[in-house]
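Engineer: Following our numbering, the numbering of the sequence shown begins with 45 at its first residue and continues without gaps.
For the record, the hints were derived by calculation from the structure and aren't laboratory data.
Don't take every hint at face value.
Cβ-Cβ distance ranges computed for the label pairs, FRET-style [as the list claims (entries may be wrong)]: (1) Ser155 x Arg236: 18 to 28 Å; (2) Ala187 x Glu230: 34 to 44 Å; (3) Ile257 x Tyr214: 19 to 29 Å; (4) Trp202 x Ile175: 14 to 24 Å; (5) Glu216 x Ala141: 14 to 24 Å; (6) Ser180 x Gln69: 31 to 41 Å; (7) Val229 x Thr93: 28 to 38 Å; (8) Arg200 x Ala129: 28 to 38 Å; (9) Ser155 x Tyr214: 29 to 39 Å; (10) Glu221 x Gln69: 19 to 29 Å.
In this text, all values refer to a predicted model and were calculated from it rather than measured experimentally.
Yeah, the Cβ is synthetic: ideal placement off N, Cα and C, and Gly gets one too.
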Amino acid sequence: MQYAEYQMSGQSKGIFNRLYKSATQPEDLPWHEADPPALLVKAINQRSTPGSALDIGCGAGTYSIYMAECGYQVTAIDFMPQAIAMLKKRIAGRDLAIDTLQADIGQWTASHPFDIVLDIGCLHTPGTIDIAAYKSQLLKWLAPGGDFILLHFGRRGWWDWWPIGPSRTYAETIYQEFGPEFELVEDMSGERHGMPIFIGRSALIGRYWFRRI
45 MQYAEYQMSG QSKGIFNRLY KSATQPEDLP WHEADPPALL VKAINQRSTP GSALDIGCGA
105 GTYSIYMAEC GYQVTAIDFM PQAIAMLKKR IAGRDLAIDT LQADIGQWTA SHPFDIVLDI
165 GCLHTPGTID IAAYKSQLLK WLAPGGDFIL LHFGRRGWWD WWPIGPSRTY AETIYQEFGP
225 EFELVEDMSG ERHGMPIFIG RSALIGRYWF RRI
């Protein structure tokens, strides 16, 4: 199973390469949001002590840095070398417990399970949708009782499809595929407007907090 480097279309690779080539800082990336996801904040706040966290598809590492600042030992992975280079530059000289890795998450094996797994974008990267295989990997990464924060592009109906841009998945599919090993703690999904015209101006963003049973 290969999520990104093998299955991702040449068109999608080209888009990511162009976006990172023109970006000199995280704010230049179209998906950048400075504030950490509310569900990630909630998951961290309900834990009594920091532990280990895995950020898959970490991008420029904004949320890896946030988790490390909260006391977590973070492993940050992305298939784009430009993303990892940007993150390394951001944390250079800072006393943050962040291990960076440029890798295909479908091929990567963790040395230990994590208390928190964060995915913002891997599940909706074009050409990567195999939720059953993804879940199999997730069960290896996340410790029992661990928290899984997932953000992805949702699908609102049969018409909600675009030839380029993020793949979209129905909420019902997410619920079905991640049960029974995962309990849904909270769903904060909602519409986001002001998106680039080539992906439809608006989109349903699925925001889920699951806990491994």
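Engineer: The structure should be examined with respect to each hint, and the outcome stated for every one.
Structural biologist: Here is how each hint holds up against the structure:
| no. | hint | result |
| --- | --- | --- |
| 1 | Ser155 x Arg236: 18 to 28 Å | violated, 36 Å |
| 2 | Ala187 x Glu230: 34 to 44 Å | violated, 20 Å |
| 3 | Ile257 x Tyr214: 19 to 29 Å | holds, 23 Å |
| 4 | Trp202 x Ile175: 14 to 24 Å | holds, 19 Å |
| 5 | Glu216 x Ala141: 14 to 24 Å | violated, 38 Å |
| 6 | Ser180 x Gln69: 31 to 41 Å | holds, 36 Å |
| 7 | Val229 x Thr93: 28 to 38 Å | violated, 19 Å |
| 8 | Arg200 x Ala129: 28 to 38 Å | holds, 36 Å |
| 9 | Ser155 x Tyr214: 29 to 39 Å | holds, 34 Å |
| 10 | Glu221 x Gln69: 19 to 29 Å | violated, 36 Å |
Figure legend: structure checked against the earlier numbered hints; hints not met, in rising order: 1, 2, 5, 7 and 10.
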